[in-house]
Amino acid sequence: MGKKILVVEDDKFLRELISRKLSGEGFEVLEAFDGEEGIKKIKAEKPALVLLDLILPGIDGFEVLLKIREDPNVAQTPVIILSNLGQREEVEKGLKLGAVDYLIKAHFTPGEIVEKIKNALK
Amino acid sequence: MNQSQKKNHSLREPEIISERDIRLAILNILEDSEEAKRIAGDERDKTKAIINNLADGLIILNGENRVFLINPQAERLLRVRREEIEGEGLQSLDRYSSLKRLAGLLVSKKELFREELLLPEPKKLVLEVTTTTLPRREEKIVILRDISREKLIERMKTEFVSFAAHQLRAPLSEIKWALEMFLEGDLGKMTEEQQDFLEKTYQSNERMILLVNDLLDVTRIEEGRYLYKPTLADIKEITQSAIDLYKGGIQKKKIKFEFKKPKEKLPEVLVDLEKIKLVIDNLLSNAIKYTPDGGKVTVSISRGKKEIEFSIKDTGIGIPKDQKEKVFSKFFRGTNVLKTGVEGTGLGLFITKNIVEAHEGKIWFESEEGKGTTFFFTLPIPGNLTVGE
Chain A
1 MGKKILVVED DKFLRELISR KLSGEGFEVL EAFDGEEGIK KIKAEKPALV
51 LLDLILPGID GFEVLLKIRE DPNVAQTPVI ILSNLGQREE VEKGLKLGAV
101 DYLIKAHFTP GEIVEKIKNA LK
Chain B
1 MNQSQKKNHS LREPEIISER DIRLAILNIL EDSEEAKRIA GDERDKTKAI
51 INNLADGLII LNGENRVFLI NPQAERLLRV RREEIEGEGL QSLDRYSSLK
101 RLAGLLVSKK ELFREELLLP EPKKLVLEVT TTTLPRREEK IVILRDISRE
151 KLIERMKTEF VSFAAHQLRA PLSEIKWALE MFLEGDLGKM TEEQQDFLEK
201 TYQSNERMIL LVNDLLDVTR IEEGRYLYKP TLADIKEITQ SAIDLYKGGI
251 QKKKIKFEFK KPKEKLPEVL VDLEKIKLVI DNLLSNAIKY TPDGGKVTVS
301 ISRGKKEIEF SIKDTGIGIP KDQKEKVFSK FFRGTNVLKT GVEGTGLGLF
351 ITKNIVEAHE GKIWFESEEG KGTTFFFTLP IPGNLTVGE
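One line per chain: the protein sequences are A and B, in this order.
The working numbering puts the first residue of the first sequence at 1, with every later residue one more than the last.
The working numbering puts the first residue of the second sequence at 1, with every later residue one more than the last.
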């Protein structure tokens, strides 16, 4: 089995697409549809990397990032933000909170996202 | 009239004037002046009725900036009462916040034309202020128009476009991702024809993404929250990296490309990096797009006394003479461009101009249809780094 990737994304079809792409690439894919479930799965499953959407029902992506950093057991997990928001303020905030990369959904293809994940896991 | 006629008459033919004649003359004069008075009174009433019933607020200030007249609309808009301010100097009416703001605007320029005045208290009002000075009497007429509603609608429109564009991004991303997975063969092999059609669908979707991005940029400009943390940067480097992105397109169209830059290091300019990249990118993309194969594009950077000047010259299709005024307006596309079928949103130059001007720079162009276009923009050199010329 390949490395575990957690996809935190509330849009069902996007989640399906990226999961399909990742499993096709040999990763083990875990899914979470909101921030709360995301945090739970990060702590329980300790994925190798998290793909994190920012606008989520309830706890948003920024808060998820904060929560991960607060827990020493998972604080080192690399997180790639995958969002519709593309303003510099948001990108900077995400990177400041420790995300390894910030990808705007409409500007990247699943293939490019996989490349970014592979780079982050090197 | 009677009087002057009589006078003339008497000059020509001196004669003895009887007491009766004099009495008649005086009666005539009285009658005339009564008539004149009546006409004047009518005119005054008419003017007063017009002023009082104008939909716009109106104030007349005399030479010493004292309130000579104020109509009911202006009283309502400025929340003042005529009796309390008529005859008083505008400067001494500081106790009314509305008049204080108005006075501030009035001294800023000699004549105002549709300047906006914001009155935040107690209910937010936006007034459009226009003034004219009557030269002979040095009276100033101030016209106030309430444009609060127009402003509100404008804002709602911007918010709507912003909302719609944001909402469009999610499904567009889904379509992009799904199509790419088909094209990459993640979901099985396709025939060549299927591949070709999906490739074209993918390109259409990409155009839609660009359009949505442009629309979002426009709404950010309209909301006035556009520039982000300016940093010092070297315009030569920014330009070079933008050019590098177009290498493929330049080669494909066999365009002779030249980048003229001064050898010495240029002073850095204070810019929002992303936005200035967008400016150069837009201008480059236009020059390449609208220049036929085998044409020439020249980018130059030079240093002026207080600014850096950027120019990009192409041998493209040019801008029709009668459309030059509209080039920087939203959704503008030249009629000659539409015939070529080259894609575009018509938003690029609008965005470009707004970015340059937000940096206190200037942007302009020279163009001849069929021969080519040169776009110029300047960015101020910060501080007074003009030494060492």
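Simulated from the structure, these hints should not be mistaken for lab results.
Accuracy of the hints is not assured; some may be wrong.
As the list claims (entries may be wrong) - Derived list of chain A stretches under chain B, where covered just means 3 residues or more per stretch with a C-beta under 8 Å from a C-beta of chain B:
1) 44 to 50
2) 63 to 76
As the list claims (entries may be wrong) - Cut-off 20 Å, straight-line C-alpha distance, at most; resulting in silico cross-link-like pairs (SDA-like, lysine to any residue):
3) K48/B - D32/B
4) K229/B - K12/A
5) K12/A - R38/B
6) K277/B - K12/A
What the hints assert, rightly or not - Here are some chain A residues the structure puts well away from chain B; computed CB gaps all over 12 Å:
7) E28
8) D34
9) K40
10) K41
11) I55
12) I59
13) G86
14) R88
15) E89
16) V91
17) G98
18) K105
19) N119
20) K122
Backbone N, C-alpha and C define an ideal beta-carbon position, used for all residues, glycine too.
Do the hints match the structure? See the list:
Against chain B, the segment 44 to 50 of chain A contributes 0 residues with a C-beta closer than 8 Å to a partner C-beta. That does not satisfy the three-residue criterion, and the hint is violated. Counting residues of the segment 63 to 76 of chain A whose beta-carbon sits less than 8 Å from any beta-carbon of chain B gives 0, not enough to reach three: the coverage restraint is violated. Between K48/B and D32/B, the direct Cα distance comes to roughly 24 Å. Violation of the 20 Å bound is thereby established for this hinted pair. Among the hinted pairs, K229/B with K12/A is inconsistent with the structure: their alpha-carbon atoms are about 36 Å apart, more than 20 Å.
Annotation: proposed proximity of K12/A to R38/B is violated, straight-line Cα distance about 83 Å (limit 20 Å). Of the supplied pair hints, the one linking K277/B and K12/A is violated, its CA atoms being roughly 35 Å apart against a limit of 20 Å. Distance check for E28/A against chain B: the nearest CB is about 17 Å away, which clears 12 Å, and the non-interface claim stands. For D34/A, the shortest C-beta to C-beta distance to chain B comes to about 16 Å, beyond the 12 Å cut-off, and the non-interface label holds.
At roughly 25 Å from the closest C-beta of chain B, the C-beta of K40/A stays outside 12 Å, upholding its exclusion from the interface. Look at K41/A: its CB is around 22 Å from the nearest CB on chain B, clear of 12 Å, so calling it non-interface holds up. Taking the minimum C-beta to C-beta distance to chain B, about 9 Å, the non-interface status of I55/A is violated against the 12 Å cut. The beta carbon of I59/A sits about 19 Å from the closest Cβ of chain B, which is more than 12 Å, so the claim that it is off the interface holds.
Annotated as non-interface, G86/A brings its C-beta within 12 Å of a C-beta of chain B; the closest such distance is 8 Å. Its beta-carbon lying about 5 Å from the closest one in chain B, R88/A breaks the requirement of being farther than 12 Å from that chain. Taking the minimum C-beta to C-beta distance to chain B, about 7 Å, the non-interface status of E89/A is violated against the 12 Å cut. Once the 12 Å rule is applied to beta carbons, V91/A is inconsistent with being away from chain B; the minimum gap is 10 Å.
For G98/A, the requirement that its beta carbon stay farther than 12 Å from each beta carbon of chain B is met, with the minimum near 20 Å. For K105/A, the shortest C-beta to C-beta distance to chain B comes to about 4 Å, within the 12 Å cut-off, and the non-interface label is violated. Separation of N119/A from chain B is adequate, the least Cβ-Cβ distance of about 18 Å exceeding the 12 Å criterion. No Cβ of chain B comes within 12 Å of the Cβ of K122/A; the nearest lies about 22 Å off, and the non-interface call holds.
Hints 1, 2, 3, 4, 5, 6, 11, 13, 14, 15, 16, 18 from the list above are not met by this structure, while the remaining hints are.
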